[in-house]
Amino acid sequence: EAQVTQNPRYLITVTGKKLTVTCSQNMNHEYMSWYRQDPGLGLRQIYYSMNVEVTDKGDVPEGYKVSRKEKRNFPLILESPSPNQTSLYFCASSFRPPTGVNEKLFFGSGTQLSVL
Amino acid sequence: QKEVEQNSGPLSVPEGAIASLNCTYSDRVSQSFFWYRQYSGKSPELIMSIYSNGDKEDGRFTAQLNKASQYVSLLIRDSQPSDSATYLCAVNTGFQKLVFGTGTRLLVSP
Chain W
2 EAQVTQNPRY LITVTGKKLT VTCSQNMNHE YMSWYRQDPG LGLRQIYYSM
52 NVEVTDKGDV PEGYKVSRKE KRNFPLILES PSPNQTSLYF CASSFRPPTG
102 VNEKLFFGSG TQLSVL
Chain U
366 QKEVEQNSGP LSVPEGAIAS LNCTYSDRVS QSFFWYRQYS GKSPELIMSI
416 YSNGDKEDGR FTAQLNKASQ YVSLLIRDSQ PSDSATYLCA VNTGFQKLVF
466 GTGTRLLVSP
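Chains as they are written, first to last, in this note's numbering: chain W, 2 to 117; chain U, 366 to 475.
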């Protein structure tokens, strides 16, 4: 089954404790992206990747890191989480950039992160 | 001014009615427009995309685009309770960048 797999689904942590949210897709997509979703602010892009070893900042990259060592994986790293990073996070992928004709983003099931 | 604006709702319609969801965008060079549906507690899924001025129909859904007015809408005919969800408008605002609105919550009552 074609899917984007995110883990964990829920995560509660404390300020400053490094964490990684994993994301994997099995569709051979070139484009992968991380979003955070907050009430009243909608979906905002954190980082995206056009292909292996090619990553770039989105609209809200501060406090986050990513890597794309393999095509299928795109982990999100919070080196020193803070309470303002409490949010619902989505990983998404598409074959090409999702702005193109007939392209669509496939989303993971989301990770609800709480930073205390 | 936000890049993509939507009324947060909720928009309440009775079953069988037409639901009209609206979205405005600020970047005149935007070329592609998308509607994603997000059920409560779930991830967004694409339901429609439109690139040219005018209407595009897919089953009960019709997307309408007016680039001169920087306006895109989604009509849902014969609304069903299962259509109750948040509808996210997404617009490309430059090379490879997709910006989402905050979404409109739709409630369809039986």
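Simulated from the structure, these hints should not be mistaken for lab results.
Accuracy of the hints is not assured; some may be wrong.
To be verified - Under the rule of at most 25 Å between Cα atoms (straight-line distance), these lysine-lysine pairs were calculated in the DSS-like manner: (1) W:K58 with W:K70; (2) U:K367 with U:K432; (3) W:K66 with U:K462; (4) W:K19 with W:K58; (5) W:K70 with W:K18; (6) U:K432 with W:K66; (7) W:K70 with U:K367; (8) W:K105 with W:K58; (9) W:K70 with W:K105; (10) U:K462 with W:K19; (11) W:K105 with U:K367; (12) W:K18 with W:K66; (13) U:K432 with W:K105; (14) W:K105 with W:K72; (15) U:K367 with U:K462; (16) U:K421 with W:K58; (17) W:K19 with W:K66; (18) U:K432 with W:K58; (19) W:K18 with W:K58; (20) U:K432 with U:K421; (21) U:K462 with U:K407; (22) W:K72 with W:K58; (23) U:K421 with U:K462; (24) U:K432 with U:K462; (25) W:K19 with W:K105; (26) U:K462 with W:K72; (27) W:K19 with W:K70; (28) U:K462 with W:K70.
Claimed, not checked - Here chain U is said to cover these stretches of chain W; the calculated rule only asks that three of the stretch's residues, wherever they fall, bring their Cβ under 8 Å from a Cβ of chain U: (29) 41-47; (30) 81-91.
All C-beta atoms in this analysis are idealised placements derived from N, C-alpha and C, irrespective of residue type, glycine included.
Q: Determine which of the earlier numbered hints do not hold for this structure and return their numbers in increasing order.
A: Structure breaks hints 6, 7, 10, 16, 18, 25 and 30.
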